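There are 2 protein chains.
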Amino acid sequence: MSSIEEKFSKLGTDHAPGQEVRQGGDLPESVLRGGLLSGAAVDFSHGDVNDTAFPPAPGALEAFIDGEGRGGAQAYTEYRGGAELREEVARKLAEFTGQPIAASEELIITPGTQGALFLALGATVNVGDRVAIVRPDYFANRKLVDFLGGEVVPVPIEYLTSSGGAGLDLDQLEDAFKSGVRVFLFSNPNNPTGVLYSPQEIVGIAKLANRYGVTVIVDQLYSRLVYSGHTYNHLCASEIAADRVLTIMGPSKTESLSGYRLGVAFGASHLVDRAEKLQAIVSLRAPGYSQAVLRTWFAEPEGWLAERTTRHQAIRDDLIAVLRAVPGLSVRTPGAGSYLFARLPAMGIELHDFVRALRVQANVVVTPGTEFSPDATDSIRLNFSQNHQAAVQAVQRITQLIDRCRAVVS
Amino acid sequence: MSSIEEKFSKLGTDHAPGQEVRQGGDLPESVLRGGLLSGAAVDFSHGDVNDTAFPPAPGALEAFIDGEGRGGAQAYTEYRGGAELREEVARKLAEFTGQPIAASEELIITPGTQGALFLALGATVNVGDRVAIVRPDYFANRKLVDFLGGEVVPVPIEYLTSSGGAGLDLDQLEDAFKSGVRVFLFSNPNNPTGVLYSPQEIVGIAKLANRYGVTVIVDQLYSRLVYSGHTYNHLCASEIAADRVLTIMGPSKTESLSGYRLGVAFGASHLVDRAEKLQAIVSLRAPGYSQAVLRTWFAEPEGWLAERTTRHQAIRDDLIAVLRAVPGLSVRTPGAGSYLFARLPAMGIELHDFVRALRVQANVVVTPGTEFSPDATDSIRLNFSQNHQAAVQAVQRITQLIDRCRAVVS
Chain A
1 MSSIEEKFSK
11 LGTDHAPGQE
21 VRQGGDLPES
31 VLRGGLLSGA
41 AVDFSHGDVN
51 DTAFPPAPGA
61 LEAFIDGEGR
71 GGAQAYTEYR
81 GGAELREEVA
91 RKLAEFTGQP
101 IAASEELIIT
111 PGTQGALFLA
121 LGATVNVGDR
131 VAIVRPDYFA
141 NRKLVDFLGG
151 EVVPVPIEYL
161 TSSGGAGLDL
171 DQLEDAFKSG
181 VRVFLFSNPN
191 NPTGVLYSPQ
201 EIVGIAKLAN
211 RYGVTVIVDQ
221 LYSRLVYSGH
231 TYNHLCASEI
241 AADRVLTIMG
251 PSKTESLSGY
261 RLGVAFGASH
271 LVDRAEKLQA
281 IVSLRAPGYS
291 QAVLRTWFAE
301 PEGWLAERTT
311 RHQAIRDDLI
321 AVLRAVPGLS
331 VRTPGAGSYL
341 FARLPAMGIE
351 LHDFVRALRV
361 QANVVVTPGT
371 EFSPDATDSI
381 RLNFSQNHQA
391 AVQAVQRITQ
401 LIDRCRAVVS
Chain B
1 MSSIEEKFSK
11 LGTDHAPGQE
21 VRQGGDLPES
31 VLRGGLLSGA
41 AVDFSHGDVN
51 DTAFPPAPGA
61 LEAFIDGEGR
71 GGAQAYTEYR
81 GGAELREEVA
91 RKLAEFTGQP
101 IAASEELIIT
111 PGTQGALFLA
121 LGATVNVGDR
131 VAIVRPDYFA
141 NRKLVDFLGG
151 EVVPVPIEYL
161 TSSGGAGLDL
171 DQLEDAFKSG
181 VRVFLFSNPN
191 NPTGVLYSPQ
201 EIVGIAKLAN
211 RYGVTVIVDQ
221 LYSRLVYSGH
231 TYNHLCASEI
241 AADRVLTIMG
251 PSKTESLSGY
261 RLGVAFGASH
271 LVDRAEKLQA
281 IVSLRAPGYS
291 QAVLRTWFAE
301 PEGWLAERTT
311 RHQAIRDDLI
321 AVLRAVPGLS
331 VRTPGAGSYL
341 FARLPAMGIE
351 LHDFVRALRV
361 QANVVVTPGT
371 EFSPDATDSI
381 RLNFSQNHQA
391 AVQAVQRITQ
401 LIDRCRAVVS
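The listed protein sequences derive, respectively, from chains A and B.
Position 149 of the first sequence, counting from 1, maps to 149 under the working numbering, and the rest follow consecutively.
Position 134 of the second sequence, counting from 1, maps to 134 under the working numbering, and the rest follow consecutively.
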C-alpha cells in the first residue's frame with residue numbers, strides 16, 4: 001500500500017453522519033431480533049431544519065437574495081470575507097464573548113464551521129506535530145490531524161462521572177503539553193456529550209497553554225444554545241494569551257443555517273493570516289452571496305433564541321427521561337447544544353450492527369460512538385434538534401430495540 | 001523560523017486576484033510617471049458579474065430559492081453532493097465530454113472549482129511526491145503542491161511562439177515523468193494565456209500518463225467558452241486510462257455563478273472516493289442550497305452560450321488590437337476563456353510597481369505574471385469578461401502607462 005493510500009485509509013466516512021445512505025440496507029439475519037418497529041423516520045445524525053422542527057432563523061433567505069442583488073461586490077469578496085461584514089460580525093462576537101476582536105486582522109469568514117476547523121488546524125499543524133485531542137470529541141478532529149500528518153495525543157474526559165464540568169483532568173493535560181504538544185483542540189460544549197467546561201477547567205487550560213506555549217483551538221459551534229442552570233465560559237475571554245487562541249463558530253446548528261455553509265474563526269492574527277492563505281487555495285472564500293446571510297446572525301428577533309432554547313430543553317428533558325428508564329443505560333444531561341451521548345447497557349450484538357438495525361428495523365438514524373472515540377464502542381450520539389413528538393417516539397423505539405438486543409446474562 | 005511558518009511563507013496572497021484591497025494605496029514618488037489617467041474603474045483580476053457586463057446565467061437565483069424550500073433534504077446532502085443532482089450533472093457532463101460518467105462513483109460536487117482542485121490534489125499528492133506543473137499556469141497550482149508537501153517539477157509551455165497548440169514539449173514532459181513524477185496538473189484552456197492544447201498534445205499527454213503511471217488532473221474551468229476557429233479536446237475522452245484522470249469544472253466563470261461556490265470533479269472512482277473523504281473534513285459539502293443551482297448548468301436558454309461567447313470574442317478582438325499596437329508588447333490571441341496574458345516591452349520600473357501604478361494612477365486592476373510563473377516578471381493577466389466599452393478604455397489607459405514607464409533606450 002502506498003503512502004497516500006494509507007493516509008486515506010484513516011479518513012473513513014462510512015459511519016459519518018449523513019453518509020448512512022451509502023451503506024445499503026442489507027443486514028445479516030443473525031443481527032435481526034424481532035420485526036419492524038414502525039414510526040416516523042427520524043435522522044438523529046443531524047438536526048431537522050424543516051418547518052415541522054427547527055427551520056432557518058428568520059430573514060436568512062431574504063438576506064441571501066439581497067446579497068445576490070449586490071452583484072460582483074458580494075460575489076468576489078476578499079478571501080477572508082467582505083470587509084464591512086467582518087466589521088459587523090466582529091462587533092457582535094466581541095459583545096457575545098466579552099473579548100475585543102479587530103475585524104481587519106482577527107476574523108475570517110469560512111465555508112461552514114467545518115471550513116473554519118480545517119483552516120485552523122491547517123494553519124497550526126505540520127507533519128510530525130503532536131496535537132492533543134479530547135476523547136470523545138467531534139469525529140473530524142482526529143481525521144484532520146491524520147490528514148495533516150500530525151500525531152494525535154488523546155486526552156480523555158470523564159463526562160459521565162464529573163459533576164461540575166466536562167471532567168477534564170488538568171494534570172493529564174499538563175502531561176500531554178509536557179510531552180511536546182503544539183496544539184490543543186476541543187469543542188465546548190463537548191460534541192458528542194453536550195457537557196460544558198467549568199470555569200476552573202477553562203482557566204486551567206488557559207494557564208497551561210500560556211505556560212507551555214500551546215496554541216488552543218476551541219470549537220464553540222453550540223455556545224449560543226445554553227440551558228437553564230448553566231453559564232458559558234469563553235476561553236478567548238480568559239487569561240489565555242491573545243496569540244495562543246483561535247475560536248470557531250458558525251450559524252449552522254442553533255440557527256439551522258447549514259445549507260448556506262457559513263462559519264467564522266477569530267483570534268490570533270498570525271493564525272487568521274495563515275487561514276486566509278490556506279482558504280485561497282482550498283475554496284477561495286465562503287460563498288459570496290451566503291456571506292450576506294451572516295448579517296442576520298446575532299440579530300434575530302427579540303425572544304427568538306430564548307424560545308429556540310426552551311424548545312430544545314423540553315425535547316432534551318423528555319428524551320433523557322425515556323433513556324434513563326432503560327436499565328444499565330448511562331447518559332449525562334447536556335448543558336448546552338443539541339447532542340446527547342448515551343452509553344448502552346451490555347449488548348448481544350456489535351455497536352455498528354445495532355446502529356444499522358436501528359436504521360433498518362426502527363427507521364431511526366444515530367451515529368455510533370466510535371466516530372468520536374475509538375473506545376466508545378458502547379455509545380450512540382443523537383442530535384435532538386428534531387420534531388419533538390417524532391423524536392420522543394423514535395427514542396422509544398431505540399429503547400425497545402435495546403431491550404431486544406441486550407446481552408443475555410446467564 | 002519553525003516549519004509551519006516556512007510552509008505558509010510560500011503561500012503568499014498579497015498579489016493574488018481580489019486581494020489588491022489589502023495592499024493599500026501608497027506608492028513611492030519615484031514610481032509615478034505623470035498624472036492620473038481618468039476613466040471608469042475596471043478590475044481585470046476577475047470577471048464582472050454585474051448586469052452591465054456578464055450577469056449570472058438565467059434561473060440561478062430561482063433554483064437556489066427552490067432549493068432552500070426543499071429544506072433538510074437539500075441542506076444535508078451526502079458529502080459528495082445530492083444523489084439525484086449527481087445523476088443529472090453526470091449525464092450532462094458525459095454528453096459534453098463524450099465520455100460516460102457513473103454518477104454514483106465518478107463525480108463529486110465541490111465548493112467552487114477551487115474546492116475541486118484542492119480535493120483533487122489532496123487526494124493524489126503526499127509529502128515528498130513529485131508533481132509536474134505547467135509554467136505559466138493557474139497561481140494556486142504550485143501553492144497547493146507546496147501546502148501538501150509535494151515537490152514542484154515545472155514544465156514550460158512556449159505559448160507565444162507555438163502556432164497549433166499550447167506549446168507543450170512532449171519530450172520535456174516525458175523527462176519529467178521519467179524523473180518520478182506521480183501527478184501532472186494543467187489547465188486547458190491554459191490560465192493565464194487562453195491557449196488550447198492541440199489534439200496531438202492531448203493524445204501525447206494521455207500516452208505518457210498511461211506509460212509512466214502518472215495521474216493527470218485537468219482543470220477545464222473554461223472549456224465551454226471556445227472561440228470560432230477552435231475546437232476543444234477533452235483529455236478524459238482520449239485514450240488515457242480511466243483510473244488515471246480527474247477532470248475539474250464549474251459554473252463560476254462562463255456562467256458567472258462564482259457567488260454560489262459550485263464546482264465538480266469527475267473521473268477515476270478511487271480518487272473521487274478520496275476526494276469525498278477529504279471534503280468531509282474540509283467543508284463537509286458544497287453549500288446545500290447552492291447545489292440546486294447546478295440544475296440550471298448546461299440547461300441555459302437556447303442560444304445563451306453562443307451569445308455569451310460572441311460577446312466575449314468581440315471584447316477579446318478589440319483588446320488584442322489595442323495591445324498589438326504597443327511596440328514591443330507580445331500577446332497570444334486566446335482560443336478559449338476570458339484571460340489574456342500580455343508580455344510587456346522592456347520597462348523602466350519593476351512589474352509589481354507597474355501593477356500598483358495601474359491601480360493607483362489608471363484605476364485598473366490586473367494580476368502580475370509572477371502569480372503564474374516565477375519567470376513571468378514581464379507579463380500581466382487580464383480577465384476580459386467585463387463591460388465591453390469600459391474594458392477597451394481601461395486597456396487604452398494601460399497602453400498609455402506602458403509608454404510612460406518604458407525603459408529608456410540610450
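Derived from the structure by calculation, the hints contain no laboratory data.
Take the hints with a grain of salt, since some may be wrong.
Since copy identity is lost for identical chains, a pair holds within one copy or between any two.
[What the hints assert, rightly or not] Straight line, CA to CA, 20 Å or less: simulated SDA-like cross-link-like pairs of lysine to any residue:
1) K7 x S269
2) K92 x Q172
3) K178 x L351
4) K92 x D169
5) K10 x L61
6) K10 x E87
7) K10 x H270
8) K207 x R244
9) K10 x S269
10) K10 x E151
11) K7 x H270
All figures in this text were calculated on a predicted structure; none of them were measured in a lab.
For K7 and S269, with the copy left unspecified, which applies at a CA distance of at most 20 Å: within, between, both, or neither? between (31 Å within a copy, 17 Å between copies)
Intra- versus inter-copy proximity for D169 and K92 (alpha-carbon distance at most 20 Å): Cα proximity of K92 and D169: none, with 33 Å in one copy and 56 Å across.
For K10 and E87, with the copy left unspecified, which applies at a CA distance of at most 20 Å: within, between, both, or neither? For K10 and E87, neither the intra-copy (39 Å) nor the inter-copy (29 Å) Cα distance is at most 20 Å.
Can you tell me if K10 and H270 fall within 20 Å by alpha carbon in one copy, between copies, both or neither? between (30 Å within a copy, 15 Å between copies)
My question is about K207 and R244: at a cut-off of 20 Å on alpha-carbon distance, are they close within one copy, between copies, both, or neither? within (11 Å within a copy, 51 Å between copies)
At 20 Å max between alpha carbons, let me know whether K7 reaches H270 within a copy, between copies, both or neither. This pair counts as between: shortest inter-copy Cα distance 13 Å, intra-copy 28 Å.
Is the C-alpha distance from K92 to Q172 at most 20 Å within one copy, between copies, in both cases, or in neither? Neither. Shortest intra-copy (35 Å) and inter-copy (56 Å) distances fail the 20 Å Cα cut-off.
Should K10 paired with L61 be assigned to within, between, both, or neither, using CA atoms and 20 Å as the limit? Answer is neither: 38 Å inside a copy and 39 Å across each miss the 20 Å cutoff.
Identical-chain pair category, K10 with S269, by Cα at 20 Å: between (32 Å within a copy, 18 Å between copies)
For the identical chains here, do K178 and L351 meet the 20 Å Cα criterion within one copy, between copies, both, or neither? neither (35 Å within a copy, 49 Å between copies)
At most 20 Å between C-alpha atoms: does K10 with E151 qualify within a copy, between copies, both, or neither? within (13 Å within a copy, 24 Å between copies)
Violation of the numbered hints given earlier is confined to hints 2, 3, 4, 5 and 6; the remaining hints are satisfied by the structure.
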